[in-house]
Amino acid sequence: MEHLEALSLHEALASLDSVLEEGQKQEKVPVEILDDLLTREHDARFERRVATNLRLSGIAHPKRLEDFDYDAEVDVTQQLIQELATLRFLHNGENVLFLGPPGVGKSHLATGLALKAIERGHRVYSITLHDLVDRSRTARERNRLHVVGNTLTRPDLYCWTRSAICPWIG
Amino acid sequence: MQHSCFEVVSRRYEAQKPIILTSNKSYGSWTDIFPDEVLATALLDRLLHHSTTINIRGESYRLRHRRQAGLTPQTPSGD
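As you go down the protein sequences, you meet chains A and B in turn. Taking the working numbering, the leading residue of the first sequence gets 44, the next gets one more, and so forth. Taking the working numbering, the leading residue of the second sequence gets 175, the next gets one more, and so forth.
Hints listed in this document are in silico derivations from the structure and should not be mistaken for laboratory results. All figures in this text were calculated on a predicted structure; none of them were measured in a lab. Hints are not guaranteed to be accurate.
Some chain B residues near chain A, calculated using beta-carbon distances under 7 angstroms [said to hold, decoys possible]:
| # | residue |
| --- | --- |
| 1 | A189 |
| 2 | L221 |
| 3 | S225 |
| 4 | T227 |
| 5 | Y235 |
To list a few chain B residues with every Cβ distance to chain A over 10 angstroms, as calculated [claimed, not checked]:
| # | residue |
| --- | --- |
| 6 | P192 |
| 7 | V212 |
| 8 | T215 |
| 9 | G232 |
Glycine included, C-beta positions come from ideal geometry on N, C-alpha and C.
Isolated chain A, as found in the complex (with noise of 0.2 angstroms):
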């Protein structure tokens, strides 16, 4: 038990009792007991790793792709969308554009890719352009660009909306 608290398994530790009692109960042989509890540690870790890859990401208003209205007078391909659902994109090092008059749903949608990435451990940076460019401003005055730089790299995902709002001026 301290071994388990000392690993920091702090799932598999707090689920042990039940574990246990539930092999006993099933006549599980030990493999299946151990395979349970680290299932339940694997978890617990994954959910705790997406719900801080949510909070980290940015993103204000998740809006998720199921509830995007296809039906609606926009034309959009479904099938090109849940082709993109499956995160292919995302391994291939791909980018995705969405390019449309406002308010058709590219935010929607674009986030709505964000949330399935986040969903399968991925970690997502979701920015506007101006709050981009405002915050690039403020690292280079405070000499702090690296900090920009290292949420340029490391998210697996960066996911840029409203890129070209208003005329960029150099």
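Once you have looked at the hints, place chain B on chain A.
Chain B only, in chain A's frame:
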């Protein structure tokens, strides 16, 4: 400002890590709003090298909701 944008795109490109981007401007007009044309071309080049573009057409849901709520009159049909 344009350097911040270029840095995002090029750093992600070098790290081979993807970007999801939304914009209400088409590529063509990006060079118009980007004062440095060389930088704009370099940015687009890196951004589009490995990419999928989804062009969404349609009416703004904000306008649609307003119209459904009767707040905005129907546009007169001239055709």
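Structure-based check of each hint:
no.	hint	in the structure
1	A189	holds, 5 angstroms
2	L221	holds, 6 angstroms
3	S225	holds, 4 angstroms
4	T227	holds, 5 angstroms
5	Y235	holds, 5 angstroms
6	P192	violated, 5 angstroms
7	V212	holds, 12 angstroms
8	T215	holds, 14 angstroms
9	G232	violated, 3 angstroms
Of the numbered hints given earlier, the model fails hints 6 and 9; all others are met.
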